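Construct the complete structure from the given sequences, taking the supplied hints into account.
Chains A and B supply the protein sequences, listed in that same order.
Position 398 of the first sequence, counting from 1, maps to 398 under the numbering used here, and the rest follow consecutively.
Position 158 of the second sequence, counting from 1, maps to 158 under the numbering used here, and the rest follow consecutively.
Simulated from the structure, these hints should not be mistaken for lab results.
Predicted model only: the values in this text are computed from it and were never measured.
Heads up, the beta-carbon is just placed ideally off N, CA and C, and yes, glycines get one too.
Careful: at least some of the hints might be erroneous.
To spell it out: a stretch of chain B is covered by chain A in this simulated footprint if at least three of its residues, at any positions, have a beta carbon under 8 Å from a beta carbon of chain A; those stretches are [to be verified]: (1) 8 to 20; (2) 88 to 102; (3) 224 to 234; (4) 350 to 364; (5) 367 to 379; (6) 387 to 396.
2 protein chains.
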Amino acid sequence: MDGSVAPNAVAAVSQERQWDRLMQMAKIGAIPGDGVNRACLTDLDRQARRLLISWAEKLGLAVSVDALGNLFLRHEGTDPTLAPVLTGSHMDTQPNGGRFDGIWGVIAGLEAVQALREAGVRTKRPIEVVAWTNEEGGRFAPGCMGSMAYAGFKPRDTWDGVADNEGLTFGEELKKLLASEADIARRPLGVVEGAAPFAYVEAHIEQGPRLEAEGLDIGVVEGIQGSRWFIVEITGKTDHAGTTPLKLRKDAVQDMLRAIAALNELMHDPDDVLRFTVGRIEVNPNTSNSVADRVRFTIDFRHPDKAVLTERGDAIERVIKGALKTGEATVTERFHALPATFDPMVPAAVETAAKAQGLKTLRMPSGAFHDAQFMVPLCPTGMIFVPCRAGVSHHPSEYSEPHQLAAGARVLTAVLADLANR
Amino acid sequence: MDGSVAPNAVAAVSQERQWDRLMQMAKIGAIPGDGVNRACLTDLDRQARRLLISWAEKLGLAVSVDALGNLFLRHEGTDPTLAPVLTGSHMDTQPNGGRFDGIWGVIAGLEAVQALREAGVRTKRPIEVVAWTNEEGGRFAPGCMGSMAYAGFKPRDTWDGVADNEGLTFGEELKKLLASEADIARRPLGVVEGAAPFAYVEAHIEQGPRLEAEGLDIGVVEGIQGSRWFIVEITGKTDHAGTTPLKLRKDAVQDMLRAIAALNELMHDPDDVLRFTVGRIEVNPNTSNSVADRVRFTIDFRHPDKAVLTERGDAIERVIKGALKTGEATVTERFHALPATFDPMVPAAVETAAKAQGLKTLRMPSGAFHDAQFMVPLCPTGMIFVPCRAGVSHHPSEYSEPHQLAAGARVLTAVLADLANR
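As structure tokens, then:
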């Protein structure tokens, strides 16, 4: 393969159209400072999906949805019986999120397909653009429910009872979404009810500082580090803050401090490769003049090495329980994903396409977690990263330049044309 | 004074009637486990006040309300021009509160006045039963707004802009309350618009373990320890939990840990007299896979010795700022009450009345904070404590026996009869 793979289609990629679509999407759930708060299965999510569907239908793509709400836009191949090449990402955001994380991978997929069609490029295999349900996990934890169910990683009803902060459950909210899309064709749920794709490629902003710092255009992603997520609940006893001697207290906040301090020790990594985060804390009754009787906090632990992930992750419960002085702890692992290494096929196609377009590339792992993780057991998988300013994501100031995103879409276009003709 | 002070009135105190009124009140805002959640200026608060007003009007007491919503039930004296003896407490509860904290002091005042009236005891001075607005500070911080404004400790509009968790302000909610009580006579606001009382006596459950542990009936309170309340806000930077190396983070949760650990050192007290509590924590954005960019937490610091309260309280900001590694902190003192020592007059009256009734007493400071604090500069002040089970308060399991509460009401009756004839 060289620069001659679908050069007309690559040339048909429109930086302006892609940017305009991203900005239209960014209005749906806009928050101050150019941010977006568009949680999955909300009215805003439904609006964003409708907008995407309207663009796809205008283009003549076949739109369908599966039992998890994963949304597919199909560009037909010359042989419709062949397994499709799948591309896409997600449309939901973090509560204080930005305009590019996730949504760009969907819009880039649409842009690539539109460019192929406008250039008159036919491919043997169908190309499907997917928008996965609930990648972020901000409203309903954990994230990646849509891709996990698609891949058969977990049964489809696994999260039906998961409730958001208002007590609404994932199952009920999903039902509402599907009812609102009764006009959209239903399709089998991934490999559980259907067949595997031929390949999967996901375009995404880097969400880290490397590409920008090194003046590069395209990250050729070779794999994703593993993740383990835990919820810790510490139970103490509430008391009057003014009367109860400290020696008689079972203060859950103070026990939380001891637990996190011990976890900091456990997770210490001089190489700074390990990622350990306590990002969510909830205190009960959470009033200034009552000793807390219950604290919940989350642990987000990631590492590219399976051995480290297993050894330190398995030590978490013991370390916490050993650190408590007065209360009791329950530790629940709510998510466990091993490190994923991509089959070389898609990374090679990404690298070749980028180089043919004169772009500077870097082979790298993904520090962040993506739906691509769950495609790895199903088919050759890859990701295309573009730089983002200062590595910031999950924040309103998240930003990639229009030309950086256009370069990513051009690489994606060539990769899709390449893979869909294999 | 001896057992002959108003013996008929003391005998007219009804244990059953007082208990029944407490249980009626406990239904308004009842929560599981015999608890009560009745925040100030809510519909539930209005219901409770209406119930109290209905009892007072049936008894023939004159009901009035001031600009802060403090509610007064007046038993007229033979000389209405004399400064009244004031008794009472508050009707609001903690979010996960009990059936006795505050409300008993109001109901006991009503019971005492009813007993005096039924026994035909006239007093020279009027006796007023007061229900202070927002003692707990659970919905609108700080607490004791009603008594602070009454005493002229702070201007009456000080807290108008204070918002609850839903963004409703104290000022607007107070307006609504006053509008709903348009049928109730208005009165001047305490010493700001009117005159000081002759004396103030507040009946309250101990909220600590001493009386029960020592088998005693009545706590003769001699003063209240001082309190300083702070809000600390730590600002860092949010980042993706999966990609950002720990060395590049400004994790507000980790800085909070450092700050509280340093405060624990500062507040260490081998005698266990000092009370230091972090009871409320709020994290932003509070999602498991984002590094926190902002944490707010509260400090509740109390001590009976002014020197300790001043020295360690003044060190808080410096200690926090010295403990942070990556972020910045602002420390705001939102409440500062010096230790209060009561004039000996009321404690002596309480002790004399209790002993005349054959009750076992203990002279003690109050560990908890009370509206009585703000009456100290205005007039001779005192408090009557009764035991509560295991010292528990601010919790549904808060409990005092009906006979313990009746003993407290009998002492209050004798004290009011005594003071109102001076």
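Evaluated hints:
Under a criterion of three residues with beta carbons nearer than 8 Å to beta carbons of chain A, the stated coverage of the segment 8 to 20 of chain B fails, only 0 such residues being counted. Three residues within the 8 Å Cβ limit are the bar, and the segment 88 to 102 of chain B against chain A gives 3, so the coverage statement holds. Evaluation of the coverage hint for the segment 224 to 234 of chain B: fulfilled, as 3 residues show C-beta separations to chain A shorter than 8 Å, against a requirement of three. Counting residues of the segment 350 to 364 of chain B whose CB lies closer than 8 Å to any CB of chain A gives 0, which falls below the minimum of 3, so the coverage claim is violated.
Given a C-beta distance limit of less than 8 Å, the hint that chain A covers the segment 367 to 379 of chain B holds, as 3 residues qualify and 3 suffice. With a cut-off of 8 Å between beta carbons, the segment 387 to 396 of chain B has 5 residues touching chain A; three or more are needed, and the interface restraint holds.
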